[in-house]
Structures are given as structure tokens and as C-alpha cells.
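Chain by chain, the residues run as shown.
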Amino acid sequence: MTTTLIPVGAPSITSRPVYAPLEPRPASQHLIIADGEGAEAVVALFGKANDRSAMLAAAQVLYTPGPNGTDQSAALEALGVAQLFRAPTIPALLPRLARVLSAAHMGTQFYLAGTEGLIGQAEREVMNTGFPHASVQKEHRGSTVRRVQCVHCKGITENVATDPFKCSHCGLNLFVRDHYSRRMAAFQGVNIDAEDPGQVPESVVRFK
Amino acid sequence: MSGGAKLQVRVAEVVEVNELIKRFRFVARDGSELPAFSGGAHTVVEMDDQGTRRLNPYSLMSDPEDRSGYEISVRRDEAGRGGSLFMHRHVAPGMEMVLSNPVNLFALDNRAKKHLMIAGGIGITPFLAQIAQLTHFGGKFELHYSARSKPLGAYMDRLTAAHPDRVHCYFDELGQQIDLKRVLANQPIGTHLYVCGPKGMIAWVLSTAESLGWPKQALHSEEFLAPGTGLPFQVELAASGKTITVGPTQSLLEAMEASGVDAPYLCRGGACGQCETNVHKCDGTILHRDHWLTPEEQASNQKIMPCVSRFEGKTLVIDR
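Here the protein sequences come in this chain order: A and B.
Position 21 (the first sequence) corresponds to 20 in numbering that gives the first Met the number 0; numbering is contiguous.
Position 310 (the second sequence) corresponds to 309 in numbering that gives the first Met the number 0; numbering is contiguous.
None of these hints come from the bench; they were simulated from the model.
Mixed in with the good hints, there may be bad ones.
No more than 20 Å apart at the CA atoms, straight line, and that leaves these computed lysine to any residue pairs for SDA-like [as the list claims (entries may be wrong)]:
1) B/K112 - B/F136
2) B/K113 - A/R98
3) B/K280 - B/Q301
4) B/K113 - A/N127
5) B/K180 - B/C168
6) B/K139 - A/G129
7) B/K215 - A/V135
8) B/K180 - A/A102
9) B/K112 - A/P131
10) A/K165 - A/P200
11) B/K180 - B/H162
12) A/K47 - A/V135
13) B/K180 - A/M126
14) B/K198 - B/K280
15) B/K139 - A/V199
16) B/K180 - A/H104
17) B/K215 - A/M126
18) B/K113 - A/T128
19) B/K139 - A/N127
20) B/K180 - A/E22
21) B/K280 - B/Q216
22) B/K112 - A/A19
23) B/K112 - A/P200
24) B/K113 - A/R123
25) B/K113 - A/H104
26) B/K113 - A/L100
27) B/K112 - A/M126
28) A/K165 - A/V199
29) B/K113 - B/D164
30) A/K47 - A/A19
31) B/K139 - B/D76
Listed next, with one range per pair, are the computed distances between beta-carbon atoms [as the list claims (entries may be wrong)]:
32) A/G68 - B/K198: 50 to 58 Å
33) A/P25 - B/E77: 38 to 46 Å
34) B/P294 - A/V42: 33 to 41 Å
35) A/P25 - B/T134: 42 to 50 Å
36) B/F136 - A/G68: 31 to 39 Å
37) A/I12 - B/E32: 35 to 43 Å
38) B/T293 - A/Q198: 48 to 56 Å
39) B/L218 - A/G46: 26 to 34 Å
40) A/M183 - B/E32: 34 to 42 Å
Cβ coordinates follow ideal geometry from the N, Cα and C atoms, glycine included.
Given these sequences and hints, build the entire structure.
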């Protein structure tokens, strides 16, 4: 099963990330990063392990509540992983991830679960070590709000729900594209009324 | 013309490295600079062996920054088809030869934070160029190099002298072997692994790494296959309307070329995929010997790599 955020039949482009359910892989360490409803994917991951206690003993989970407030820390605490770290927000989680990565060795498997904002930013940290991004497992759960970079002022707006939306930095009206940058860990927002200023289509809630 | 534009070169130097290995240096006949290449690239050397045309791929081992010439090292294979013996016996300084442009199927992934290299025997050659390249750019590497004996450990002296803390040598005759699991377990995240050497060693290194959780995208290997000998067989070339016989020491690709068919190729060692050919009809068994087709494609008998693979049976018709 492959899940995408695009409605069935809607055209997309190749840079649009796709997400598959997490699967246990052989590893000396399992590094798991999740937010919000991603905790459910983590619980399901351990449910698939051949040797659950060995996997738990070699697992480290970094978790933060989702942008919609969902906090499933209790379910993760009940798992009994070797190390569980709960951060209040994604920006607070990322320095901890960088610290863990600085001491990690090859043989580590990476599992990311939750919102695209969390997945993208954690993937970027992992990718910056030189680890192949294609080998990082990702499963989308929960909110579909997007992290969008304004291609004009370069400012990033978190948790974008509507399309078009006003850039939180420069105030331009931005159309949210499926064009995704792994390096930015963000979707691209492009000015929608450049030719006819003020001619802005009605904003609709596309991401929840 | 298949194989791309050629480089017209002259042999500048032939050096006996040890009892099995000779090093050859080529320079452009017109004195110009040779095309740039990157560490891990190979060239296909054309040989005219008393009327038999031989084309063998060899890794470029010289510093990629040095465009005044290319260097290769050739291990003499007494039981081979004759390419290495021709290089050892007949190639002398001053001789004019033809090379292909460099092709790299074993490049460094420069996104890696560290490069772990594992070489066996003559498999050291691509690493010599890669290490020169990394030295210019300041990249991190660690080399584990095994040879049968000290005298057969080509270039070990220069490698250990230049990089005493990064080069580890092992000798089969002293019973030494790399502690592979330990070496693999100690690599920082973001390390890529490169292995070049005998088939058994490559398979052992790759399978051990995968079982320890190394991702496939961080594993790189190169092995050039000699086409391998076998029984003669007949092949029908559908596009050219010819039926040819492939001799016991000839490859299907060489037989096609000998009959005047311009078939595509690059590496001639079953690695690059350039010569992939559709099979129209196969009444018999294709002896797949390449690294290119997937096991499923090989089992389907709908494709063949003429540079290394052979056929046994009644009828083989290919789209060439």
C-alpha cells in the first residue's frame, strides 16, 4: 500500500513525496522520529517486528505533539523503548536529533512518522549526514497542513491550511504547489496575482 | 560508431610493478591533454592481437587532476582469453594504441561524509584514482586492502607512506583477514562503502553490510567480468538479417563486430547496460553472466547482454 496526500486521480509531479507504511529492517539501532498521530504508526511498526523485545531494546524514539495538538506520548511510553524523548515542538526536537545523529553509526535504521513538516525536517537532518534519503522510511499520519517556502522572499510559513494564502513574511498571495524541496523541507509557494494584482481566487481549506 | 569517439594515444611508459602486474601510461599522440575523468572511471583499451580485435576495460588509476596521461595496471591472467597476456607481452613504449573515452560506473558519492573502501588484489586500481581525488578535496576515507602476499600487494608502499593512519593491509599467506563486521559497525552515519576485487569478496562484503542494516544506496561495487569461454553457438541477428557463429573464446558482442554489425557497447564487462538486446526467440538456455539484468529479467529469457552472456540450445534470435 502506498498512500499519498493527493486526491485519487489528481495529477501531481515527481517531486511530490510519497509515503509507505513503516517496516522493521535489520539494524544495530532503530531511530524513530514522530509527531502527533505518527505515534500510531510507531506502535504498528513494533507490532510487525519478528523479535519485538530486541527491537525495543535497540530503539530510540524522539516525539513531539502534532500541529493540531494531538499528543500520544502515553502510547509510546507504554511501548517500553530503550529511550524516549518528548519535545514540546519540532524546533525543540531538531537539536536533539542532530545530537543523536552526531554519535550514530552505520547500521542505524531511520523511521519517520507523522506530519509532512516533521517528516521533511527530520529527513533533512538525516540526509545532511550523507545517509541516502531514499533509505529513510516515512509514513504520513495526521494533519495534512504544509510547510511552505515563499519563492519570492524565501520566508517559510508553517502549518499552511488554505490555498492561496498570504505569506507570513512578505504578505504576497501565494499558490501552494506540489513542488517539494528536500533541501528546504518545504513545498513551494508562488505569487498567484503577479500579473493582475488583487485578482486573487477565493481561498479554500485544502490542508487540514 | 559504437563505444563513442576514441582517443588516439601512444604508450609512454611500461613498468613492471610485481611478478603479475604491469603499469602502462598513455599520452595523446598529438601532445594535447586527455579528457578529464573522475576517480573510479575506466577506459576500454583496443588491442590488435594478430588480427583478433580485443577490447578490455581497465580502471584508470592515475590522479584525475593529471590530464597529461592515463595510467592503468594490468594483472596477467594466464588462463584468460588473451587480453592481459597481449598487454604484458606485446605492449611497449612508443606503441600507438586506441582508448575509449573514460566512463565511470564506480564513482564516489560526494554526499557521503566518509568513504570506506575495501579492495582485493588488482581491485585496488580505481581506489588509487579516488584517493588522489579525495586528497585534493580533503574528503575522509579509510582503505582496507588485501593481497595474496606482500610482494603482490601493488602500490601498498605508496599508499601506506602517504596515508599511514587510513590504510590497512592484509595478507592471505599470513592468514590475515579484515574483521569486516567490526569495521562496518564502527562507521559514522553517512559513510558510503565501495568494494572492488574478486567476485566472492564483493558478494561477502555486500551481503554482510546489508545484514547489518547498511542501505543499498550506500553500497557501491565494481567487478569487470571477462566474457568467459564456452561451447560455440549460433545466433540469428534479426535486424541485420545475418546468422553468425560465436566461437569458444569469443563473446557474442565480438562475433557481431567481426561480422560487421555495429552493436552498442561501453564497458564490455556486463556492468553498464549499454549492450542490452531484446531476444525474439529462445529455444534453449541463455547463460546470463552480467550484473545488469535483474534475476527476473534473466529468468524471462527476453533480454541478453552480448558482451558476457552465452547461449546453449537450438535457436536464438536477437534484435540486432
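Going through the hints against the structure:
no., hint, in the structure
1, B/K112 - B/F136, "holds, 12 Å"
2, B/K113 - A/R98, "holds, 18 Å"
3, B/K280 - B/Q301, "holds, 8 Å"
4, B/K113 - A/N127, "holds, 12 Å"
5, B/K180 - B/C168, "holds, 17 Å"
6, B/K139 - A/G129, "holds, 12 Å"
7, B/K215 - A/V135, "holds, 12 Å"
8, B/K180 - A/A102, "holds, 19 Å"
9, B/K112 - A/P131, "holds, 11 Å"
10, A/K165 - A/P200, "holds, 12 Å"
11, B/K180 - B/H162, "violated, 23 Å"
12, A/K47 - A/V135, "holds, 18 Å"
13, B/K180 - A/M126, "violated, 24 Å"
14, B/K198 - B/K280, "violated, 31 Å"
15, B/K139 - A/V199, "violated, 52 Å"
16, B/K180 - A/H104, "holds, 13 Å"
17, B/K215 - A/M126, "holds, 15 Å"
18, B/K113 - A/T128, "holds, 10 Å"
19, B/K139 - A/N127, "holds, 16 Å"
20, B/K180 - A/E22, "violated, 24 Å"
21, B/K280 - B/Q216, "violated, 35 Å"
22, B/K112 - A/A19, "violated, 27 Å"
23, B/K112 - A/P200, "violated, 46 Å"
24, B/K113 - A/R123, "holds, 18 Å"
25, B/K113 - A/H104, "holds, 12 Å"
26, B/K113 - A/L100, "holds, 14 Å"
27, B/K112 - A/M126, "holds, 11 Å"
28, A/K165 - A/V199, "holds, 11 Å"
29, B/K113 - B/D164, "holds, 15 Å"
30, A/K47 - A/A19, "holds, 14 Å"
31, B/K139 - B/D76, "violated, 34 Å"
32, A/G68 - B/K198: 50 to 58 Å, "holds, 57 Å"
33, A/P25 - B/E77: 38 to 46 Å, "holds, 42 Å"
34, B/P294 - A/V42: 33 to 41 Å, "holds, 36 Å"
35, A/P25 - B/T134: 42 to 50 Å, "violated, 34 Å"
36, B/F136 - A/G68: 31 to 39 Å, "violated, 47 Å"
37, A/I12 - B/E32: 35 to 43 Å, "holds, 42 Å"
38, B/T293 - A/Q198: 48 to 56 Å, "holds, 52 Å"
39, B/L218 - A/G46: 26 to 34 Å, "holds, 29 Å"
40, A/M183 - B/E32: 34 to 42 Å, "holds, 40 Å"
Of the numbered hints listed earlier, those contradicted by the structure are 11, 13, 14, 15, 20, 21, 22, 23, 31, 35 and 36.
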